[in-house]
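Sequences are here, hints too, so could you generate the full structure?
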Amino acid sequence: MPTTTATITLSSADIDASPLSVSTTMTLSKAALTTGVDQITGMNRRIIRADDITKVMLISTIIGGVYTTKGVTLASDDATVTHVADSTVTTRAGQPVIGTNIATDATVSTFTDTTHFELSAVAADAVASAKGSLTIGYSKYTANKANKVYICNSSTDDTDYIVITIKNEEIGRLYAGDWMFFPWSAPDIASSIFVTAATQTNTTIVDWMVIGEGDS
Amino acid sequence: MATLIPTLTLTDSTSYSDEVSFSVTDSLTVKAPSSSLTTLVVDTTGANNIIVPANADKQTWVFIRHTGTSDGSSSTSAHVDIELTGDVAIGTLKANEWLWFPHCGNGGSTGIQLQAVGSAVACEYAYWSDNTAQ
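Protein chains in written order, with the working numbering: chain E, 3 to 218; chain P, 119 to 252.
Hints in this document: simulated from the structure, not taken from any laboratory.
Do not take every clue at face value.
From the derived model, a few chain E residues whose C-beta atoms are all more than 12 Å from chain P [stated by the list, open to error]:
1. Ala15
2. Thr26
3. Ile49
4. Arg51
5. Asp53
6. Ile55
7. Ser62
8. Gly101
9. Thr106
10. Phe113
11. Glu120
12. Asn146
13. Asp180
14. Pro189
15. Asn204
Here are the in silico distance ranges between beta carbons for each label pair [to be verified]:
16. P:Ser192 with E:Asn103: 29 to 37 Å
17. E:Met45 with P:Gly186: 52 to 60 Å
18. E:Thr43 with P:Ile123: 49 to 57 Å
Part of the chain E face toward chain P, derived, beta carbon under 7 Å [stated by the list, open to error]:
19. Ala8
20. Ile10
21. Thr11
22. Leu12
23. Ser13
24. Asp18
25. Gly73
26. Val74
27. Ser141
28. Thr144
29. Glu172
30. Ala178
31. Trp181
32. Trp186
33. Asp190
Idealized CB from N, CA, C, for every residue including glycine.
Take a look at the structure:
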């Protein structure tokens, strides 16, 4: 198993009444275990253009992309999804399901056959007969797993900043050269991490990485 | 004002084809209000452990570490949830884990609170206000 360590050093010669020197190292292990984490996204770079001032998703709770299931019929207060067969994908239990009238954090509960599966929660309202579609992810970051997130504003303009948001709550701002490293609980599928560069005057470069155990 | 230098070093000893090995350093100009390294025994009620108050006018850099103990000496495996006071969960710290992130106060409505899961956990924390932001 891999052994991944993260060390932070905080130092200052002129802070408070005395110099500051803190250094601590942690070994990244799986939740409730001493086994090392074994999944990593690698370093990713997101370029945000100067005219792109809207909130954009930086790190999705969905892992591995999504596909669309078409021709969906789903009755109100029902969990049985009927859809058009698609031989290019195989739906399996546990996959996250997203769509209108679908409960937050719903997943595929049971794969029935090539045209049916059961949801983990009933639909709040009907999906239009044979005309609806649902988005299905391959996997997702699971609540309370030991995933750690690194984000860095790698831009060089001191005045530009990016805002990091989880679930519509602003966590904080990263100015040029600033970085953050924190555990990410991803308690539900809506807990993706967003970035906004609303006041930037130049192209913004955001580097990020997730180290952890994904959905395992 | 003072200069605070945070440095992160990530290393990996293993099986990845491209091993993780990098270091990044920042330079922050910080000022009061601040709190130097403080130890707090965190109980299981988040509202009892608000370590950074909501502040509309400041961005604060926050360091939190799970000491691996319940009281500074007795080891514990209980973990600590890190939350905004608006009840948005950020993440969970296990024994000896730490985090470092900026907190903006979200217009003054949210602070940062800690909540131990199951039993008390001793944590260290510190924060400094960012002179540049907001």
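Exercise. If you check each hint against the structure, which ones fail?
Worked result: Violated: hints 1, 2, 12, 13, 14, 16, 17, 18, 25, 26, 27, 28, 30, 33.
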